[in-house]
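Here the protein sequences come in this chain order: A and B.
According to our numbering, the first sequence is numbered sequentially starting from 1.
According to our numbering, the second sequence is numbered sequentially starting from 1.
Simulated from the structure, these hints should not be mistaken for lab results.
It is possible that part of the hints are untrue.
Note that the list lumps identical chains together, so a pair holds whenever it fits in one copy or between two copies.
[Stated by the list, open to error] Straight-line distance between alpha carbons at most 27 Å, and here's what the computed BS3-like set of lysine-lysine pairs gives:
1. LYS88 x LYS202
2. LYS171 x LYS25
3. LYS158 x LYS93
4. LYS158 x LYS74
5. LYS240 x LYS88
6. LYS158 x LYS240
7. LYS15 x LYS171
8. LYS88 x LYS158
9. LYS63 x LYS240
10. LYS15 x LYS93
11. LYS93 x LYS19
12. LYS171 x LYS184
13. LYS19 x LYS184
14. LYS240 x LYS186
15. LYS240 x LYS171
16. LYS174 x LYS25
17. LYS174 x LYS240
18. LYS158 x LYS184
19. LYS184 x LYS93
20. LYS74 x LYS186
21. LYS184 x LYS63
22. LYS174 x LYS63
23. LYS202 x LYS13
Fair warning: this is a prediction, and the values are worked out from it, not measured in the lab.
So the chains spell out like this:
Protein chains: 2
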Amino acid sequence: MRFLTIDSVNNEKIKHAVKLSSNAKYRRECGAFFLEGLRLCRDAAESAADIITLFFTEDAYEKYTHDIERIAGKAETAYLISAACANKLSDTKTSQGVFLICGFPLLADESEIDTNGKYIALESIQDPSNLGAVCRTAEALGIDGAVLCGCCDVFNPKAQRSAMGSLLRLKIIKTDDLSSLILKLKDRSMTVLATTPDSRAKSVTEIDMTGGVLAVIGNEGNGVSQEIFDLCDLVTIPMKGRAESLNASMAAALVMWEMMR
Amino acid sequence: MRFLTIDSVNNEKIKHAVKLSSNAKYRRECGAFFLEGLRLCRDAAESAADIITLFFTEDAYEKYTHDIERIAGKAETAYLISAACANKLSDTKTSQGVFLICGFPLLADESEIDTNGKYIALESIQDPSNLGAVCRTAEALGIDGAVLCGCCDVFNPKAQRSAMGSLLRLKIIKTDDLSSLILKLKDRSMTVLATTPDSRAKSVTEIDMTGGVLAVIGNEGNGVSQEIFDLCDLVTIPMKGRAESLNASMAAALVMWEMMR
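If we strip away everything but chain A, and leave its shape as in the complex, we get (with noise of 0.2 Å):
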């Protein structure tokens, strides 16, 4: 294969994947998105996302040749790049020089959501990690899907690296109105919970999750707000050491696991 070049750290193209990945307001005017390595590359190109342009080092090239040839087969544009340029574009010391600019894939709308199925929702969580890190979760253990209410974007680079290609796969529904859905899954006889530190609260490992269950996880710091504490089902984790010692992917993975188990 032959692949046009790209040298400079000024070219165009290199700086609107810089913007791209820094950038979240440019994501959604441009409805595109940058992610960098081998194996979420190799993800975006199995998802429905639209492949736009795949940049690579030739020793990205001669490592990982027929996963790339293979990558981009399914872009619009493929680009050797420098090392200088892989170094602009990276955010780690250590880049493999694979990176890809995808278009935004289509998420789901409300009305797909099952009311017999299992879904959690994020309400303002702020930490892409964070996000990236319970979505990954959620798709290991089989949950339907995540409703996001607030969040920080998951289109961030470092949100899908944590995520490892789950937000490529896992079913997301965007709302900006979390109470109204909720009033409306609950109509539709959906056991819709928010978790709470409060140790008055039923025990997750207590509450009927048989039926479709939504359950709503908060904020790291705040929790969920009181609106939407007001419209649920309080759940608690029963804990024997310092409260605060459970973060907000690790509350939200157990929460799951009950969920699913």
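Chain A is fixed; fit chain B onto it per the hints.
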């Protein structure tokens, strides 16, 4: 209170602190380690560790006067340092300007393992953030202690940070010979489990964990070593999605949760 001051980043005490922060061998030679952040420093001051040196900036003193005076009261020496020094010491972009050098706390001895208790063993965990996260969850769930074999340094600042103080409170037992320890604990009727992605193993939900249990979590990439596997009852975490999607600290959290459930 009046404090000694350090202005120059070339001061020997600043250099000593930086080296403690970055060099595990130097930490062992000195029997001391370095912590950053108000909360961690406060946790350390309340722990059994020797508090050797406190460093803080003027800004930090203004914001956290009460806390800093309390930590300073426990420290052998306390230094008011310049912003340049704080910048040199800090691992983060938005430093709180509070740093501590502590002596190694005494680790627990194998003989202190209560054979009716619940313990986790970490074999060759290499990522300090994973080590810290697992110990943080262990403390939250009420696990009695953690056995470490071949892991990264518990006094690594990243491990301490992600542990949120739990490494200073949880019972930590270090061993170079996990096999012998496992044999001794089995002789004393403890159940010793190792986690495996192999779906033919018994589910973690079906194992009797009423008595004393030690659960071994293996290296992030390779899992538990064959030598240890051969000594353990195997358990698996049943998954519906991609098995690879459950990272080491999430797997550890689910196993500990089932031990304590």
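Hints, one by one, checked against the model:
1. Taking the shortest alpha-carbon separations for LYS88 and LYS202, neither the intra-copy value of 51 Å nor the inter-copy value of 48 Å comes in at or below 27 Å.
2. Proximity of LYS171 to LYS25 under the C-alpha cut-off of 27 Å is restricted to the intra-copy arrangement: shortest distance 23 Å within a copy versus 47 Å between copies.
3. Taking the shortest Cα distances, LYS158 and LYS93 sit within 27 Å of each other both inside one copy (15 Å) and across copies (17 Å).
4. Taking the closest pair of Cα atoms, LYS158 and LYS74 come within 27 Å of each other only inside a single copy of the chain (24 Å); across copies the shortest separation is 39 Å, beyond that limit.
5. Taking the shortest alpha-carbon separations for LYS240 and LYS88, neither the intra-copy value of 47 Å nor the inter-copy value of 39 Å comes in at or below 27 Å.
6. Taking the closest pair of Cα atoms, LYS158 and LYS240 come within 27 Å of each other only across two copies (25 Å); inside a single copy the shortest separation is 32 Å, beyond that limit.
7. Neither within a single protomer nor between protomers do LYS15 and LYS171 lie at most 27 Å apart by alpha-carbon distance, with minima of 31 Å and 50 Å respectively.
8. Taking the shortest Cα distances, LYS88 and LYS158 sit within 27 Å of each other both inside one copy (16 Å) and across copies (26 Å).
9. In this homomeric assembly, LYS63 and LYS240 never come within 27 Å of each other (Cα to Cα): the closest approach is 49 Å inside a single copy and 32 Å across copies.
10. For the identical chains of this complex, LYS15 and LYS93 are neighbours both inside a copy (19 Å) and across copies (24 Å), given an alpha-carbon limit of 27 Å.
11. With identical chains, the CA atoms of LYS93 and LYS19 are at most 27 Å apart both within one copy (19 Å) and between copies (21 Å).
12. Taking the shortest alpha-carbon separations for LYS171 and LYS184, only the intra-copy value of 19 Å comes in at or below 27 Å, while the best inter-copy value is 48 Å.
13. Taking identical chains as interchangeable, the C-alpha atoms of LYS19 and LYS184 are never at most 27 Å apart, the minima being 38 Å within one chain and 58 Å between chains.
14. Only between protomers do LYS240 and LYS186 lie at most 27 Å apart by alpha-carbon distance; the minimum there is 26 Å, versus 32 Å within a single protomer.
15. Within a single copy, LYS240 and LYS171 get their C-alpha atoms only as close as 34 Å, which misses the 27 Å cut-off; across copies the closest is 15 Å, which meets it.
16. When the C-alpha separation of LYS174 and LYS25 is checked against a cutoff of 27 Å, the pair qualifies only within one copy, where the shortest distance is 16 Å, while the shortest distance between copies is 48 Å.
17. Taking the shortest alpha-carbon separations for LYS174 and LYS240, only the inter-copy value of 24 Å comes in at or below 27 Å, while the best intra-copy value is 35 Å.
18. Taking the shortest Cα distances, LYS158 and LYS184 never come within 27 Å of each other, neither inside one copy (33 Å) nor across copies (44 Å).
19. Taking identical chains as interchangeable, the C-alpha atoms of LYS184 and LYS93 are never at most 27 Å apart, the minima being 47 Å within one chain and 43 Å between chains.
20. In the homo-oligomer, the alpha carbons of LYS74 and LYS186 never lie at most 27 Å apart, since the shortest distance is 42 Å inside one protomer and 55 Å across protomers.
21. For the identical chains of this complex, LYS184 and LYS63 are neighbours neither inside a copy (51 Å) nor across copies (46 Å), given an alpha-carbon limit of 27 Å.
22. Taking the shortest alpha-carbon separations for LYS174 and LYS63, neither the intra-copy value of 38 Å nor the inter-copy value of 39 Å comes in at or below 27 Å.
23. Proximity of LYS202 and LYS13 under a CA criterion of 27 Å is satisfied in neither setting, with 54 Å inside one chain copy and 52 Å between copies.
In this structure, the hints that do not hold are numbers 1, 5, 7, 9, 13, 18, 19, 20, 21, 22, 23, in rising order.
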